[in-house]
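Novice: From first to last, the protein sequence lines stand for chains X and D.
For what it's worth, full-length UniProt numbering labels the leading residue of the first sequence as 1, then goes sequentially.
For what it's worth, full-length UniProt numbering labels the leading residue of the second sequence as 1, then goes sequentially.
By construction, these hints were calculated from the structure, which means they are not laboratory data.
The structure displayed is predicted, hence computed values, not measured ones.
Misleading hints may appear alongside valid ones.
Identical copies carry no separate label here, and so any pair may be met within one copy or between two of them.
[Claimed, not checked] Below, computed lysine-lysine pairings styled on DSS-like, alpha-carbon distance capped at 30 Å:
{"id": "1", "residue 1": "Lys167", "residue 2": "Lys75"}
{"id": "2", "residue 1": "Lys310", "residue 2": "Lys53"}
{"id": "3", "residue 1": "Lys293", "residue 2": "Lys440"}
{"id": "4", "residue 1": "Lys241", "residue 2": "Lys293"}
{"id": "5", "residue 1": "Lys440", "residue 2": "Lys311"}
{"id": "6", "residue 1": "Lys328", "residue 2": "Lys237"}
{"id": "7", "residue 1": "Lys119", "residue 2": "Lys293"}
{"id": "8", "residue 1": "Lys416", "residue 2": "Lys167"}
{"id": "9", "residue 1": "Lys363", "residue 2": "Lys301"}
{"id": "10", "residue 1": "Lys75", "residue 2": "Lys350"}
{"id": "11", "residue 1": "Lys350", "residue 2": "Lys438"}
{"id": "12", "residue 1": "Lys237", "residue 2": "Lys18"}
{"id": "13", "residue 1": "Lys294", "residue 2": "Lys350"}
{"id": "14", "residue 1": "Lys350", "residue 2": "Lys444"}
{"id": "15", "residue 1": "Lys95", "residue 2": "Lys75"}
{"id": "16", "residue 1": "Lys458", "residue 2": "Lys18"}
{"id": "17", "residue 1": "Lys294", "residue 2": "Lys10"}
{"id": "18", "residue 1": "Lys294", "residue 2": "Lys389"}
{"id": "19", "residue 1": "Lys119", "residue 2": "Lys18"}
{"id": "20", "residue 1": "Lys469", "residue 2": "Lys95"}
{"id": "21", "residue 1": "Lys53", "residue 2": "Lys311"}
{"id": "22", "residue 1": "Lys469", "residue 2": "Lys10"}
{"id": "23", "residue 1": "Lys416", "residue 2": "Lys363"}
{"id": "24", "residue 1": "Lys241", "residue 2": "Lys350"}
{"id": "25", "residue 1": "Lys18", "residue 2": "Lys241"}
Number of protein chains: 2
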Amino acid sequence: MTTQQNDFSKWYIETIQKADLMDYTPVRGCIAFKPDGYEIWEHIQEEMDRRFKETGHRNAYFPMLIPESFFQKEKDHIEGFSPELPWVTEAAGEKLEERLALRPTSETMIGHLYSNWIKSYRDLPVLINQWANVFRWEKKTLPFIRTSEFLWQEGHTAHVDEEDARKETMQMLTIYKEVVEELLAIPVYDGQKTPSERFAGAVDTFSIEAMMKNGKAVQAGTSHYLGTKFAEAFDIKYLNKANQHEHVHTTSWGTSTRLIGSVIMVHGDEQGLILPPRIAPTQVVLIPVGPWKKNPEIIEKLDDIFAALKKNGIRVRLDDSDQSPGFKFNEWELKGVPIRIELGPRDLEKNQVLLKARDEDEKQSIDLNDIVSAIEVELTTMQSRLFEKARTFRDENAHTTIDTLQELQQHINSSKENGTIPGWILAGWCGDDACEEKVKEETKYTSRNIPFNPPTTKTTCICCGNEAKQTVWFAQAY
Amino acid sequence: MTTQQNDFSKWYIETIQKADLMDYTPVRGCIAFKPDGYEIWEHIQEEMDRRFKETGHRNAYFPMLIPESFFQKEKDHIEGFSPELPWVTEAAGEKLEERLALRPTSETMIGHLYSNWIKSYRDLPVLINQWANVFRWEKKTLPFIRTSEFLWQEGHTAHVDEEDARKETMQMLTIYKEVVEELLAIPVYDGQKTPSERFAGAVDTFSIEAMMKNGKAVQAGTSHYLGTKFAEAFDIKYLNKANQHEHVHTTSWGTSTRLIGSVIMVHGDEQGLILPPRIAPTQVVLIPVGPWKKNPEIIEKLDDIFAALKKNGIRVRLDDSDQSPGFKFNEWELKGVPIRIELGPRDLEKNQVLLKARDEDEKQSIDLNDIVSAIEVELTTMQSRLFEKARTFRDENAHTTIDTLQELQQHINSSKENGTIPGWILAGWCGDDACEEKVKEETKYTSRNIPFNPPTTKTTCICCGNEAKQTVWFAQAY
Chain X
1 MTTQQNDFSK WYIETIQKAD LMDYTPVRGC IAFKPDGYEI WEHIQEEMDR RFKETGHRNA
61 YFPMLIPESF FQKEKDHIEG FSPELPWVTE AAGEKLEERL ALRPTSETMI GHLYSNWIKS
121 YRDLPVLINQ WANVFRWEKK TLPFIRTSEF LWQEGHTAHV DEEDARKETM QMLTIYKEVV
181 EELLAIPVYD GQKTPSERFA GAVDTFSIEA MMKNGKAVQA GTSHYLGTKF AEAFDIKYLN
241 KANQHEHVHT TSWGTSTRLI GSVIMVHGDE QGLILPPRIA PTQVVLIPVG PWKKNPEIIE
301 KLDDIFAALK KNGIRVRLDD SDQSPGFKFN EWELKGVPIR IELGPRDLEK NQVLLKARDE
361 DEKQSIDLND IVSAIEVELT TMQSRLFEKA RTFRDENAHT TIDTLQELQQ HINSSKENGT
421 IPGWILAGWC GDDACEEKVK EETKYTSRNI PFNPPTTKTT CICCGNEAKQ TVWFAQAY
Chain D
1 MTTQQNDFSK WYIETIQKAD LMDYTPVRGC IAFKPDGYEI WEHIQEEMDR RFKETGHRNA
61 YFPMLIPESF FQKEKDHIEG FSPELPWVTE AAGEKLEERL ALRPTSETMI GHLYSNWIKS
121 YRDLPVLINQ WANVFRWEKK TLPFIRTSEF LWQEGHTAHV DEEDARKETM QMLTIYKEVV
181 EELLAIPVYD GQKTPSERFA GAVDTFSIEA MMKNGKAVQA GTSHYLGTKF AEAFDIKYLN
241 KANQHEHVHT TSWGTSTRLI GSVIMVHGDE QGLILPPRIA PTQVVLIPVG PWKKNPEIIE
301 KLDDIFAALK KNGIRVRLDD SDQSPGFKFN EWELKGVPIR IELGPRDLEK NQVLLKARDE
361 DEKQSIDLND IVSAIEVELT TMQSRLFEKA RTFRDENAHT TIDTLQELQQ HINSSKENGT
421 IPGWILAGWC GDDACEEKVK EETKYTSRNI PFNPPTTKTT CICCGNEAKQ TVWFAQAY
């Protein structure tokens, strides 16, 4: 098997295929999400959806096909998305009068409808989310991380004023940070995007950024304050309390199935996947060892454990197939199952099982009488441990002492020579797009975000050396 | 407002718009599902999904775009679906080499993938379901019931032999019947479709059929035994225990957002929607009456009731807006909220509230101390009552004594004269497609299904008068 060190991308592809998360399809850049891959998404959906509803949002569903003329209405939006759109041009044997785009995002369709739905300040805020498939016909694709079709949620809200809309934008970013950190055990930096990295049509874009094990960044979620730009383009007005017409202020925010890819790239190791317990399709696998077939008590006991764990809401599997224990250990490690329980005749004599956490080297002996609580504790502990390991890794590879383009180039070169990860750098930025562009051209590092809580603050621009207006994370990104 | 009696279709459209379930969009035949409409779907999804998982199924997600060549592989399938397909012909500024269809259903894409996934009898059965959007570009559309884009679930399973596949087909039909009857309070007849009404590419199609309040039928769910037709078309083979290659036997089964439309058309009345409690977005609305603004105790008490109901998992709203009670009563009736609670100063003196069930004329007095349990009881009672009302209505309008085409025509004409509903008829059928076709041409009645448990059995064909091989429900259908 390819190692992470030798070829991270190849390791990633091999790992997700062997773990049975996805398959390629004959449609360019479109993957099939197999049950173990899709179930990770279902756990993410469940948690996100719960938090959206707790904060007053409701789900709706909007048409997937968007008339070409809708895109024309907001000029930044069409500029940003038109290079990637697939088009329906014929249906039921006839050529359409107007081309219909497969939605890359739904601001335009929703803007059109909100202009009918919103009449008065009494109708506001409108707090709606949609779970849907979207399309971006990109040249380079990577399963889960960047696919032509992907699954996501997109929130679209409308508010009486900027203050209320900005509050919403921040609230949703916070929810994203909490879910990604608590559920996926992925530490993220939340912050503001620079203008060149904004969503097409946004006044302000905020993101959470995660570091993969090869040091690259993944934008794990974004939340946009759209100002009145879409309200003006689609004429979304309300009658305020003084009986005057005003444009609403809108927001949008999204997370997608790229989170599945991020989990793999943050936690996986040379043995395959490591899944945080809260999203693992199988949390515990039970494996009989030794001469268990001659000793029916072994399977009886494992059946009891299975029933007890299931009753406590733990997702458990019993592997009583004919393969050897070693083969099974390997297979379930590959799939990233958090906990393996081994039970053989000798363990039974001692009234114990062996517990192996996927991310630890040593096995623990567990008294059979304490098994449910011991597993519950280990699942919780492992969830925190994975987060801490990922945070330590990120902090070690997020450099804060590289202050010039030359230093960055030296750092990249020496990383290459030493076979280490160049990682992220925290650097000052004068605010000029040209400096950002030059950093990108010379190093492939792009600005990720301006963190709300940077580890330190920078005073000079990494590129021109002038006074820094912002302290920015730069990284190579997916 | 239009009445059901005068113009049922117009009543339906007005009702779902006033109840805020949907909106039209500029894309032909595509609607927006507003939150109150979408939430009905969420409740359906939750219950279906739970039952699918209980019976060993897992969710997955397959690409929406299907290469044209895939459709060519199963000839009945392409014949059935090609007149309704929308096509993507260009993407990212370039013409595609092969047109891609927006999926009308996924047998072909899934067949292609299963041929890679299934190798041995150990891989079987494959039990996968998908929640997705699908497209059928139909000429006549009706919100929820028949739209160009709709939401559905499609199960796709593969089995070692016919027996196992047919067992699955029946199991899923039974789940559909149970969910539609128990959750949506819609009585259905389960049975087998005649060959002319089969799914394009199926060996056998089974359906559940529901009667709307205008007497028309809606096919509320279908389950297909596909034999080895798709396995042969896509080369899905497995190595059996005797080490020989065999084709798998496949099934597919689906229910869609047309269930939302069915609920409206089965339960609604002249005052608007009537929603079965189990799927109502709001189950209970609390409305202060009388001079409540001068008496802060009223709202305090309603707040207490709100909290108590919410704590018990009941979906409750408090309407303390400035509108008159009469206006509010009307609005919440229109939305089909199962229970309205009224509280005014006089009720407070008597330590009671008034409870009005949406489908009953009389109000009940409820002691404030018993309010949660009284509401819980009423929600359960109402759920059963709606089912019984719908069953009585259906049985009254499902005629079993019309045995010739002439009698059917007379029945239709006299219904028209009397302003009554012609409804369904149970009739004998000789098994000849031509007889079915003639019934359709002359009366617009089509065969709905051959019920497993018909109220009675017929001996002569309604059309040719020869011996009946089957007893069939005929009806005008959506």
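Novice: Compare the structure with each hint and give your call.
Specialist: Now the hints, each set against the structure:
1. Lys167 <-> Lys75: within (26 Å within a copy, 56 Å between copies)
2. Lys310 <-> Lys53: Classified as both; 28 Å inside a copy, 14 Å across copies.
3. Lys293 <-> Lys440: neither (61 Å within a copy, 64 Å between copies)
4. Lys241 <-> Lys293: between (78 Å within a copy, 22 Å between copies)
5. Lys440 <-> Lys311: For Lys440 and Lys311, neither the intra-copy (53 Å) nor the inter-copy (54 Å) Cα distance is at most 30 Å.
6. Lys328 <-> Lys237: between (62 Å within a copy, 26 Å between copies)
7. Lys119 <-> Lys293: between (72 Å within a copy, 27 Å between copies)
8. Lys416 <-> Lys167: Neither way: Lys416 and Lys167 sit 43 Å apart in one copy and 59 Å across, limit 30 Å.
9. Lys363 <-> Lys301: within (20 Å within a copy, 58 Å between copies)
10. Lys75 <-> Lys350: For Lys75 and Lys350, the Cα distance exceeds 30 Å both inside one copy (72 Å) and across copies (64 Å).
11. Lys350 <-> Lys438: neither (66 Å within a copy, 78 Å between copies)
12. Lys237 <-> Lys18: Between copies, since 21 Å is at most 30 Å while 53 Å is not.
13. Lys294 <-> Lys350: For Lys294 and Lys350, the Cα distance is within 30 Å only inside one copy (18 Å; across copies 74 Å).
14. Lys350 <-> Lys444: neither (58 Å within a copy, 76 Å between copies)
15. Lys95 <-> Lys75: For Lys95 and Lys75, the Cα distance is within 30 Å both inside one copy (27 Å) and across copies (24 Å).
16. Lys458 <-> Lys18: Intra 44 Å, inter 57 Å, cutoff 30 Å: neither.
17. Lys294 <-> Lys10: Answer is neither: 43 Å inside a copy and 72 Å across each miss the 30 Å cutoff.
18. Lys294 <-> Lys389: neither (42 Å within a copy, 60 Å between copies)
19. Lys119 <-> Lys18: between (54 Å within a copy, 15 Å between copies)
20. Lys469 <-> Lys95: Answer is neither: 53 Å inside a copy and 45 Å across each miss the 30 Å cutoff.
21. Lys53 <-> Lys311: both (28 Å within a copy, 16 Å between copies)
22. Lys469 <-> Lys10: neither (39 Å within a copy, 62 Å between copies)
23. Lys416 <-> Lys363: neither (36 Å within a copy, 79 Å between copies)
24. Lys241 <-> Lys350: Neither way: Lys241 and Lys350 sit 76 Å apart in one copy and 39 Å across, limit 30 Å.
25. Lys18 <-> Lys241: For Lys18 and Lys241, only the inter-copy Cα distance (25 Å) is at most 30 Å; the intra-copy one is 60 Å.
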